[in-house]
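Peer 1: Each chain, written out:
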Amino acid sequence: MQALLSYDQSPPITAPFRFFLTAPVFGVLAGLLLVWSGPNAFLSRWTPEALALTHLITAGFMLQVMLGALIQVLPVVAGANMARPLLVASLVHAAITLGGLVLPMAFLTFQPGMFIFATVCFISGGLLFVGASAWAMRGIPATGPTINGLKIAVSGLAVTIAIGVAMSLGLAGWFNLPLLQLADIHLVWGFVVWSLGLLAAVAYVVVPMFQITPSYPDWFGKQFVPAALALACLWTVLGSIGFETSAFAVGLALAVAAAAFASLTLMLQKRSKRSRFDTNQHCWRVAMVSILAAISLWMASAVIPAVAEWPGWPLLCGVLLMFGGFVSVITGMLYKIVPFLAWLHLQNRGQGVLLAPNMKKIIDEQAMKRQMISHFAAGTLLVLAVFLPESARPAGVAVAVSQAWLLRNLWSAVRVFREHCRKIEMKRAKP
Amino acid sequence: MDTIRELLGNHHRECDEFFAAIEQAIGAGDWASASARFAQFEKAMQQHFDVEESILFPAFEARTGMTMGPTAVMRSEHAQIRELMSAAAESIAAHDAEEYDGYAETMHIMTQQHNMKEENVLYPMCDQHLSAEASALIGRMRDGISG
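From first to last, the protein sequence lines stand for chains A and B. To convert, note that position 47 of the first sequence is 47 in the working numbering; the numbers rise steadily by one, no gaps. To convert a position in the second sequence, counted from 1, into the working numbering, add 1000.
There's no promise every hint is true.
Once the Cα atoms are required to be at most 20 Å apart in a straight line, the calculated DMTMM-like pairs of lysine to aspartate or glutamate come out as [to be verified]: (1) Lys-360/A <-> Glu-309/A; (2) Lys-361/A <-> Glu-1119/B; (3) Lys-360/A <-> Glu-1083/B; (4) Lys-273/A <-> Glu-1083/B; (5) Lys-273/A <-> Glu-1014/B; (6) Lys-360/A <-> Glu-1119/B; (7) Lys-222/A <-> Glu-1119/B; (8) Lys-361/A <-> Glu-1014/B; (9) Lys-361/A <-> Glu-1098/B.
Anything over 12 Å on all C-beta distances counts as not near chain A; from chain B, calculated [as the list claims (entries may be wrong)]: (10) Ala-1044; (11) Gln-1047; (12) Ser-1054; (13) Ala-1062; (14) Met-1110; (15) Asp-1143; (16) Gly-1144.
Rather than coming from a laboratory, the hints here were simulated on the basis of the structure. As the structure is a prediction and not an experimental result, all values here were calculated from the model. Note that the Cβ used here is the ideal one computed from N, Cα and C, for glycine as well.
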């Protein structure tokens, strides 16, 4: 109820934008790292280069956008207003940006001090964000699958960070931990409960909304994220106490659930009433197909010995899931959120003085489309690099170029925003 | 029994369908049909805003005493959507597909995030606070948005 009194409190535009504009910088760094490391990054998922790359994308690119979007979306979707959003955003952003830069360096150098520094950054940024959002969401009843999904996803983030922190301290030599086993747990909580949970909670709203499709079935919306959470908990416990076969069966069920989400989303998109596909829709579609491919590959590795023996499968799985899946869908979402927020803030600032430029004048449609194609090309080269490690460097160049292009497109929104603000001020000064 | 959330939430979906039909007509290059469909969309949207602003919001404000709360924000968002709708109408009149696309996209997202606030927060509050007079209100609103 109190939250509603400040109903219109959209956080200042710089709160989410700092995250959105930092994300592609991590993408560019990932590309450059790949150019520098060359085929080494594709030797195994455990090479320092592969670990550094993975974290530039997950703890860098993905985390930035996901947290920035949550700060923006909580008041709109759940009526949950964060106290002092700009302060929270500045501190969280500073912490995860520093942590996101130092963690890959820690993997590359194996300096204990760097692991400890990254740990401090992620603990402080994570605690502050989880605390501020839990505080904002307190007392807000989980009236729908989205609010419930967001709550579960944020708790998944907390677990992911906690395990990551423990591993990081283990790598710094603080204690002895079964790192390989923990890595799988960290990965399942990070990709399934946090990332896929958040994606599903957001998808329930934005897929029908942006693409004018039927809604996700009620039962699916209610069950999917809670079921993923329950299965992830069960899998973690069974695996930890040595019940390998049961843990395997639960893991399989989790994979089936994730595949059901991706398939259902594709089916809904097929029924979109929009007359033509825009960048957002293309990105969603490619992301869902990539996620399905990653899940199929994981399942194949679990049941077909020949696949399990192929050392490339975890790398291909990672490329499909992270780059083809999450980076694609996030790109598509950025291309809706950034121009819309710029428009909304300009509209509010210029009320009665100057009409805000429409979204397509804030980021050009063709520029978005071309960047998207460059991103898909980079993804294809990454897949190729799994089979032909010598193509790792060209893939790195492609990733760096497509991410720099993304940054440029997002930056063009900032430029239009600033120019328009100047125009509003001039009009106000000399009516 | 119907709830306010169901009645107005379903009407949001109906407006979405009208909106999609305009795009399809423009995609097919049929401007006469696009204008007709736009008129249908605009009428449904205006009726929706009217029943909220003249029936639902005053009832909510009278019951809760909140005149500067959520309903004030919803009214100002209605004004923004109306502004975008008239810009979109001008581009339809000018047969300018690109310009229409820009305004339509902006209006679409503006409307959707507005609907989300109403459906997730305001309508459930209305259902809760106005339960005594709900059936009379729903009846009047249904008349306002049908036809």
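Peer 1: For the pair supplied as a hint, Lys-361/A and Glu-1119/B, is the alpha-carbon distance within the 20 Å limit?
Peer 2: Since the Cα atoms of Lys-361/A and Glu-1119/B sit roughly 30 Å apart, the hinted pair is violated (cutoff 20 Å).
Peer 1: When you check the alpha-carbon spacing of Lys-360/A and Glu-1119/B, does it fall within 20 Å?
Peer 2: The given pair, whose Cα atoms are some 27 Å apart, is violated under the 20 Å limit.
Peer 1: Would the non-interface assignment of Asp-1143/B survive a Cβ cutoff of 12 Å against chain A?
Peer 2: Asp-1143/B is indeed farther than 12 Å from all Cβ atoms of chain A, at 27 Å.
Peer 1: Is Gln-1047/B truly not at the interface, in the sense that its beta carbon sits beyond 12 Å from all beta carbons of chain A?
Peer 2: At about 20 Å from chain A, Gln-1047/B clears the 12 Å cut-off, so the statement holds.
Peer 1: Just want to verify: Ala-1044/B was marked as not at the interface with chain A; is every Cβ pair farther apart than 12 Å?
Peer 2: Ala-1044/B is indeed farther than 12 Å from all Cβ atoms of chain A, at 15 Å.
Peer 1: Is it true that the CA of Lys-273/A sits at most 20 Å from the CA of Glu-1014/B?
Peer 2: Holds - the C-alpha atoms of Glu-1014/B and Lys-273/A are around 12 Å apart, at most 20 Å.
Peer 1: Hey, Lys-360/A versus Glu-309/A, does the alpha-carbon distance stay inside 20 Å?
Peer 2: Violated, because 49 Å separates the two Cα atoms, which is more than 20 Å.
Peer 1: Take the C-alpha atoms of Lys-222/A and Glu-1119/B, compute the straight-line distance between them, and say whether it is at most 20 Å.
Peer 2: holds (17 Å)
Peer 1: Taking the shortest Cβ-to-Cβ distance between Ala-1062/B and chain A, state whether it exceeds 12 Å.
Peer 2: It holds; Ala-1062/B is separated from chain A by about 17 Å at its closest Cβ, greater than 12 Å.
Peer 1: Quickly compare the C-alpha distance for Lys-361/A and Glu-1098/B to 20 Å and report which way the hint goes.
Peer 2: Holds, at about 10 Å.
Peer 1: Would you check whether the claim that Ser-1054/B is not at the interface survives, using Cβ distances to chain A and the 12 Å cut-off?
Peer 2: Per Cβ check, Ser-1054/B is outside 12 Å of chain A; nearest 21 Å; holds.
Peer 1: Quick one: work out the minimum CB distance from Gly-1144/B to chain A and report holds if it exceeds 12 Å, violated otherwise.
Peer 2: holds (24 Å)
Comparing the model with each numbered hint stated earlier shows that hints 1, 2, 4, 6, 8 and 14 do not hold.
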